[in-house]
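Kindly generate the complete structure, drawing on both the sequences and the hints.
4 protein chains.
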Amino acid sequence: MKNSTTYRVIYGDTDQMGVVYYANYLRWFELGRTEFLRAIGVPYGSIEKNGIYFPVIEVSCNYHKPAHFDDLIIIETILTSLGRASLTFSYELCRRESRELIATGWTKHACVNRAGQVAKMPPPIKAKLKEVILPAS
Amino acid sequence: MKNSTTYRVIYGDTDQMGVVYYANYLRWFELGRTEFLRAIGVPYGSIEKNGIYFPVIEVSCNYHKPAHFDDLIIIETILTSLGRASLTFSYELCRRESRELIATGWTKHACVNRAGQVAKMPPPIKAKLKEVILPAS
Amino acid sequence: MKNSTTYRVIYGDTDQMGVVYYANYLRWFELGRTEFLRAIGVPYGSIEKNGIYFPVIEVSCNYHKPAHFDDLIIIETILTSLGRASLTFSYELCRRESRELIATGWTKHACVNRAGQVAKMPPPIKAKLKEVILPAS
Amino acid sequence: MKNSTTYRVIYGDTDQMGVVYYANYLRWFELGRTEFLRAIGVPYGSIEKNGIYFPVIEVSCNYHKPAHFDDLIIIETILTSLGRASLTFSYELCRRESRELIATGWTKHACVNRAGQVAKMPPPIKAKLKEVILPAS
Chain A
1 MKNSTTYRVI YGDTDQMGVV YYANYLRWFE LGRTEFLRAI GVPYGSIEKN
51 GIYFPVIEVS CNYHKPAHFD DLIIIETILT SLGRASLTFS YELCRRESRE
101 LIATGWTKHA CVNRAGQVAK MPPPIKAKLK EVILPAS
Chain B
1 MKNSTTYRVI YGDTDQMGVV YYANYLRWFE LGRTEFLRAI GVPYGSIEKN
51 GIYFPVIEVS CNYHKPAHFD DLIIIETILT SLGRASLTFS YELCRRESRE
101 LIATGWTKHA CVNRAGQVAK MPPPIKAKLK EVILPAS
Chain C
1 MKNSTTYRVI YGDTDQMGVV YYANYLRWFE LGRTEFLRAI GVPYGSIEKN
51 GIYFPVIEVS CNYHKPAHFD DLIIIETILT SLGRASLTFS YELCRRESRE
101 LIATGWTKHA CVNRAGQVAK MPPPIKAKLK EVILPAS
Chain D
1 MKNSTTYRVI YGDTDQMGVV YYANYLRWFE LGRTEFLRAI GVPYGSIEKN
51 GIYFPVIEVS CNYHKPAHFD DLIIIETILT SLGRASLTFS YELCRRESRE
101 LIATGWTKHA CVNRAGQVAK MPPPIKAKLK EVILPAS
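Residue numbers (the working numbering), protein chains in the order written: chain A, 1 to 137; chain B, 1 to 137; chain C, 1 to 137; chain D, 1 to 137.
It cannot be assumed that every hint is accurate.
[What the hints assert, rightly or not] Within a straight-line C-alpha distance of at most 25 Å, the following computed DSS-like cross-link-like pairs (lysine-lysine) qualify:
#1 B/K49 <-> B/K108
#2 B/K108 <-> C/K65
#3 A/K108 <-> D/K65
#4 A/K108 <-> D/K108
#5 C/K49 <-> A/K65
#6 B/K108 <-> C/K108
#7 B/K49 <-> C/K65
#8 B/K65 <-> C/K120
#9 D/K49 <-> C/K49
#10 B/K49 <-> A/K49
#11 A/K49 <-> C/K65
#12 D/K49 <-> B/K65
#13 C/K65 <-> B/K120
#14 D/K49 <-> A/K120
#15 A/K65 <-> D/K49
Keep in mind the hints are simulated off the structure, nothing from the lab.
Structural data, given as structure tokens:
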């Protein structure tokens, strides 16, 4: 299971180097995993309504090529691992027109309750996630 | 009562025109009013702890000169009006080194409770705010 | 001529009040006018390639209802006026599902050259823009 | 050589989990390295004026504790390695009041010219940087 979604770069995403500011890629990672979760029938909003949150505890990003204003970026997201109270998504970003690889990265998330304490993932959510794991290549 | 605080422009604030992206000025307005409230002894965090929020219901900004990376911006904030359940702050931003005026603007806020309903401002907060109103010139 | 485009609210757009941070609406205004210009055949990138820029010189926004995480926002943009070296866009944002009005606003832009000096708008661009003006109601 | 600078969390940095959005930590890393470079007498603006840029090519961040609105964050930055055309900064973020560790991370940068091509670092800059390297512990 791999989710693919797109994002059009706006002016506000760029910086004075004329390319997208590096922190904004993490917004695209978020967009990717939100659409991934929606696609498998577990929208993130429904997870939070159950009092469960997936805060990011680690992020890594490799910037291969700059992204520019008005580029259409394809964000491909997979779920690469699932623990008792954690999960990891991996991302590949490329420019749609040229198919160039822009960036790769991953985020590791804890599973916590409203109080911020580590919590076991609710079994129905865990079951759905288990079905769609795709180990990182 | 006029509060003055400073902010150093980072790379992430700029866009590919080589100047600060226009939405980021609203972050500076927020910084200005937060420091204003702290200075008069009513830090915004303490207001929220009482279940009161001041969401922005209207904003206006005039951009006079561009702000650049590494500029030190002076943010001057005054409280210009106070209603039963609303208040308005005005802002003047200038570049410290050159004293050039960068932007002026104002934000109008509602006073609401946790449920988002219009709420009367708590009397002790209202009293403090009333003392420091400075009508817009 | 009215352009309509959509944006899905991400987590990174929200703040601790549980709603979209007020500065982010200005990003949506930008998205709206960029898509407006693309739709009439004058993509903003092509304007900049001609050494012409449309920096924002004034913005106004009225916040009617909060926008939330995962809301699909419809951004409607019209061009309401056109001067010798300036132009004004107006925006209406609503929540797609409920059709509620979220915000309204406008941005006034100067027309400048690479050096940041006021410049006459290139006649072909001006001609296209003139055709699609829709005075503010 | 370790640089220490501070940042006060604003409302716009938070998200609906009531904590700082994870992408914003990368803005703080930028703040840290900009102040580091200023402190050693090589302000980043002066580097760019020489046609040299340090785009981020890799970032890693570990989130230990959430940061909240109005927290005063201490950003400690060191330069941990220096190559022919690359350099790496490491960061430690902690909450000033409680001295709790908030996050750690690092950024790897290329050294490129205006055209975005890998470039040898100018000798005077390289010399200054070499003096202040502090290998990661």
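Hint-by-hint comparison with the structure:
1. Only pairs whose Cα atoms come within 25 Å are accepted, and B/K49 paired with B/K108 is accepted, the gap being roughly 21 Å.
2. Taking the CA atoms of B/K108 and C/K65, the gap is near 15 Å; set against the 25 Å cutoff, the hint holds.
3. For the hint linking A/K108 to D/K65, the alpha-carbon distance of about 14 Å falls within 25 Å, and the restraint holds.
4. Between A/K108 and D/K108, the direct Cα distance comes to roughly 20 Å. Compliance with the 25 Å bound is thereby established for this hinted pair.
5. For the suggested pair C/K49 and A/K65, the alpha carbons sit about 21 Å apart, so the restraint of at most 25 Å is met.
6. As the CA atoms of B/K108 and C/K108 are separated by approximately 20 Å, the hinted pair is consistent with the 25 Å bound.
7. For the suggested pair B/K49 and C/K65, the alpha carbons sit about 23 Å apart, so the restraint of at most 25 Å is met.
8. Between B/K65 and C/K120 the CA atoms are separated by roughly 19 Å; this keeps the pair inside 25 Å, and the hint holds.
9. Restraint check: the Cα-Cα separation between D/K49 and C/K49 comes to about 23 Å, which is no more than 25 Å; the hinted pair holds.
10. Distance hint between B/K49 and A/K49 is fulfilled; the C-alpha atoms sit about 23 Å from each other, no more than 25 Å.
11. For the hint linking A/K49 to C/K65, the alpha-carbon distance of about 21 Å falls within 25 Å, and the restraint holds.
12. Restraint check: the Cα-Cα separation between D/K49 and B/K65 comes to about 21 Å, which is no more than 25 Å; the hinted pair holds.
13. Restraint check for C/K65 and B/K120: satisfied, since their Cα atoms lie roughly 19 Å apart, inside the 25 Å limit.
14. A threshold of 25 Å between alpha carbons decides the hint, and for D/K49 with A/K120 the separation of about 53 Å lies outside it, so the pair is violated.
15. About 23 Å separates the Cα atoms of A/K65 and D/K49, which keeps this hinted pair within 25 Å; it holds.
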